[in-house]
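Numbered according to our numbering, the sequence shown spans residues 1 to 275.
Any given hint could be a false lead.
Capping the alpha-carbon separation at 35 Å, the derived lysine-lysine pairs in DSBU-like fashion look like this [what the hints assert, rightly or not]:
#1 Lys145 x Lys234
#2 Lys234 x Lys111
#3 Lys145 x Lys96
Hints listed in this document are in silico derivations from the structure and should not be mistaken for laboratory results.
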Amino acid sequence: MTGYDATLPDHFLLRLRWRDGRGGTLPGTGVAHLAGGTGEFDGHRPWNTGDDLHQLDLGAWLRFKQRWIRQYRQDADEPVHVILDGGPTMTFGDRKNSLESLRSILRGISKSTRVPHREWLLDGSQLHSCSAENHPGEARRGPLKTSLPQISGSFPTGRIVILSDRLVFEELENTPSLSRTSHFHWWSLWNREETHPEFQGSCRLQALNGDHWQGQIDEETQRQYQRELSTQIKRLHDWLTRSRGCHHSIESADSGTLLLNQLTRHRGPLEVISG
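Based on the provided sequences and hints, a complete structural model is requested.
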């Protein structure tokens, strides 16, 4: 297992939190937002204003603090299972370094919230405990229709985060949804040329069977690619909706800070607490 990204020091990682509240509710969208932007979640117990805290002695305050910590940990949906979707393309471009930074970020947020953290490698249709000896780029890319039901059965509770670079999701149309009630995240780690290709001209292409041919990429080819990519992403979103999951696309970057900015921006899955 690799260490933390050098651009993301420990004291900063310890300030990370999951943004969603109970049931995956996002802040700023409900009654609390309309009432004055307190940042509370719908359904959460209103936070103590602090007006009467001066009446509490030290023992009462410590009991209050311990009770709140217990409630907070119950909301944390422990543990966190990080699943690395194996395949040779996981090493393309900046994706290899970006993947290590994301793993550091997820370890950091688990440490800050004091919940168990486990990493798993999806190799073909098999799910293995991740170690320093196995790397996602050396694993086989397997079908989702057999691996996703296995994930659902292996982790009935806790938060699941899948780190994947897949672009094709046709098989999800016939894949059963996950039967779980806890949080499920699909993070797509894509290089910019995969989502916003800019190259135009002739290129040498290779099929899976090894055959080569010359191709031509122009503006119309790029538009067709963008339409097909939008269709594939919609298939993923439809399946995640049925599975009560959420999707977040991340553009590969050299810096862990740039990756974290994508995760903590408006409606991102993470937030940084002050301190």
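Verification of the hints:
no.: 1; hint: Lys145 x Lys234; result: holds, 17 Å
no.: 2; hint: Lys234 x Lys111; result: holds, 34 Å
no.: 3; hint: Lys145 x Lys96; result: holds, 25 Å
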